[in-house]
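Student: Put chain B on the given structure of chain A with help from the hints.
One line per chain: the protein sequences are A and B, in this order.
Residue numbering for the first sequence is 76 to 489, as defined by our numbering.
Residue numbering for the second sequence is 76 to 489, as defined by our numbering.
If a hint is listed, it holds; no wrong ones were tucked in.
If several chains are the same, the list does not tell them apart, and a pair holds so long as it fits within one copy or across any two.
Below are the SDA-like pairs computed for lysine to any residue, each with C-alpha atoms no more than 25 Å apart in a straight line:
hint : residue 1 : residue 2
1    : Lys96     : Leu126
2    : Lys132    : Ala100
3    : Lys139    : Glu128
4    : Lys132    : Gly120
5    : Lys297    : Ser434
6    : Lys139    : Asn177
7    : Lys132    : Phe308
8    : Lys96     : Met142
9    : Lys241    : Arg188
10   : Lys132    : Arg94
11   : Lys135    : Asp91
Hints are computed from structural coordinates only; laboratory data are not their basis.
The primary structure of each chain is shown beneath.
Number of protein chains: 2
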Amino acid sequence: MSKILVQKFGGTSVGDPERIKRVAARIKSYYEKGYQLVVVVSAMGDTTDDLIELAAKISKNPPKREMDMLLSTGEQISISLLAMALAETGVPAISFTGGQVNIVTDGNFSNARIESIDTARLTHELSQNHVCIVAGFQGVDVQQNITTLGRGGSDTTAVALAAALKAKECEIYTDVDGVYTTDPNKVDGARKLSQISYDEMLELASLGAGVLHSRAVEFAKKYDVVIHVKSSFNYNEGTKIVSENDMMEKILVTGVTLKNDDARVTVADIPDKPGIAAELFGALAEKKINIDVIVQSSGRAQKGSKEEKTNTISFTTPVASVSTAQEVLSALTKKWGAGSISTDENIAIVSAVGIGMKSHTGVAASMFKALADNNINIEMISTSEIKISCVIAQERGKDALRLIHHVFGLDNVA
Amino acid sequence: MSKILVQKFGGTSVGDPERIKRVAARIKSYYEKGYQLVVVVSAMGDTTDDLIELAAKISKNPPKREMDMLLSTGEQISISLLAMALAETGVPAISFTGGQVNIVTDGNFSNARIESIDTARLTHELSQNHVCIVAGFQGVDVQQNITTLGRGGSDTTAVALAAALKAKECEIYTDVDGVYTTDPNKVDGARKLSQISYDEMLELASLGAGVLHSRAVEFAKKYDVVIHVKSSFNYNEGTKIVSENDMMEKILVTGVTLKNDDARVTVADIPDKPGIAAELFGALAEKKINIDVIVQSSGRAQKGSKEEKTNTISFTTPVASVSTAQEVLSALTKKWGAGSISTDENIAIVSAVGIGMKSHTGVAASMFKALADNNINIEMISTSEIKISCVIAQERGKDALRLIHHVFGLDNVA
Chain A
76 MSKILVQKFG GTSVGDPERI KRVAARIKSY YEKGYQLVVV VSAMGDTTDD
126 LIELAAKISK NPPKREMDML LSTGEQISIS LLAMALAETG VPAISFTGGQ
176 VNIVTDGNFS NARIESIDTA RLTHELSQNH VCIVAGFQGV DVQQNITTLG
226 RGGSDTTAVA LAAALKAKEC EIYTDVDGVY TTDPNKVDGA RKLSQISYDE
276 MLELASLGAG VLHSRAVEFA KKYDVVIHVK SSFNYNEGTK IVSENDMMEK
326 ILVTGVTLKN DDARVTVADI PDKPGIAAEL FGALAEKKIN IDVIVQSSGR
376 AQKGSKEEKT NTISFTTPVA SVSTAQEVLS ALTKKWGAGS ISTDENIAIV
426 SAVGIGMKSH TGVAASMFKA LADNNINIEM ISTSEIKISC VIAQERGKDA
476 LRLIHHVFGL DNVA
Chain B
76 MSKILVQKFG GTSVGDPERI KRVAARIKSY YEKGYQLVVV VSAMGDTTDD
126 LIELAAKISK NPPKREMDML LSTGEQISIS LLAMALAETG VPAISFTGGQ
176 VNIVTDGNFS NARIESIDTA RLTHELSQNH VCIVAGFQGV DVQQNITTLG
226 RGGSDTTAVA LAAALKAKEC EIYTDVDGVY TTDPNKVDGA RKLSQISYDE
276 MLELASLGAG VLHSRAVEFA KKYDVVIHVK SSFNYNEGTK IVSENDMMEK
326 ILVTGVTLKN DDARVTVADI PDKPGIAAEL FGALAEKKIN IDVIVQSSGR
376 AQKGSKEEKT NTISFTTPVA SVSTAQEVLS ALTKKWGAGS ISTDENIAIV
426 SAVGIGMKSH TGVAASMFKA LADNNINIEM ISTSEIKISC VIAQERGKDA
476 LRLIHHVFGL DNVA
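With the rest of the complex left out, here is chain A (with noise of 0.2 Å):
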């Protein structure tokens, strides 16, 4: 088994000099522990928000190449400070930008994708007992610009790093303790999972926010990393995410969500002509309306003197595109000459994920159940392959949450 092991720190956890030296003591325990350590830091607090500052002081739209070299500076402090809390804290700690670690990513500044990571100086270092310490969200191109990963860059930093070392693991340090099946702050029984599987948290993406952003998951998927979630504020075990082959047992359902911040869209009376759905979010995902369940019904419309086939298509996006749906929309029905729309903001979503679901039927009708049995409507269904989604009224949003939550075992019964 290998003795590497990453260890990602974010902005909060290095907010300031008692915070790094925080950090340097909690490295120095796995240090000790006879570990090979590559720790990703991301920029201290506020700093990156400083420096967008500074950059609008000068331009409204300053060159993207610039920015990067712009912003890339804030890892670069807080992997330079680490490194000095390290060796005054007696562990011999060198500092890397992405660059010296030859990360190299494509020409896409603000946005780079890694695509490759020459792990020579980092086996290097390790083999002489020295900490690494590699500043994340960055890298450079072929030519040696630098780029910046864009959002949860550092988290792909470490997994990057994590999969071309072939470590143990990567253990990402936030603020909450793990996964929960739940959101704490509105179910009590909310448990914190030991594991869950990449498609999972991938799907559970809106209990991940804060947490891990989607772009490290599908890394870790792509190159089978286990990343390790864990507080920065104690030594508690977190959460695994694993491939869905090391789970230990496929639970039903892992975990259940709620979203209450979608609108539901009816468009009713649509001519029934092929290409007309895709004429429709075509449309939509010009201007980056984000959709997430679609459902559409059939019916007869009285046209004239003859009845007709006409079609119905709901579909949810955040209450913040409403109203440019509304526009796209509008400018549609006027060009088919036929539909009417209305919307809806008092809707919820409750969704239940869960891998076992693949190989075990009776999930959605048990949910179904569940919601019935307590007089809640279901307006609309979506369901995946590990993922079955509720449209309901948003005001019985938390009971559904609960109920589902308990039908599923998921309560902490201690």
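Tutor: Only chain B this time, still in chain A's reference frame:
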């Protein structure tokens, strides 16, 4: 004639977003004249001090490699902001860290020396009519570790780039107009020099304080780079620092200086044995005590029944070093069983510098006569090929300075 011009702006010139915009406007005016521009900048205002303070909160004695990693971010921030400011005015600009333009140094962190520069990337960008903005004060060693060049580092970067690119000249922008015949705050008639040779500039270091670091001048001398010291507040011609051969006329005396912060230390009755002076100055050097003027004279002292030959050694050293010097000397006189130490802090050193002295005799005589005619007693004399220094009573310092400035015809006649 090369169309390449290197321009260097210090930390004050790029101290805030407004000043950065002003620097960009100046660069634009040169760009529009058809120059190919390489611009070197220091860190904004107090950035470097702020970073040093941040490090001090983590470690009293941080590893130098990590300090360089930290401090180099200061220049990286200014280059990106200046490139943005230029882009905003429609001038295509691209910023580079020291490493990105292959400024390779030795591995002496915090005080590295430039060993080579590969100009391929810069030459390519210049051929595309891009303004190249390069971070001053930094480079990388052969292992790609970031190094910094120590005090005056950005000036050295600018001169080194001008040498490597065979630039027309290297403009150094400061808060003064150029180099003066003497300190304008002390002598009303002080005149700005249009030219000065490297050696004169090095001897006039005390006039150059805040203008140019000696290291940059030495580098310019070695590679025959014309340095043009100019003000960042106006568009006047400044002072060109050139090789002796390029001087239009070899003025007898180029500048005169006055130093008030030195003291004279005298050790009398030293036994006349070989190696005594070496031992004395060796011991002082070990304590890093700077010495300026040295004078030795011989005498005879009564030792028991016979007269013996003895020596008196006097030297000048900064007032701040006097007490340490006394400790060192007390130990020595004790060991020798001979010698007495006296000090005088009430002295001034007035010096005249000029390459014309090499070929003209009588310069020293003119200086001594002028002082004598005005009843200024000379306590010590020291001469080099292009410099004459006299130690006099401090209260006559300013008189002597004005007098010598006048005697050698340096007064502004306007």
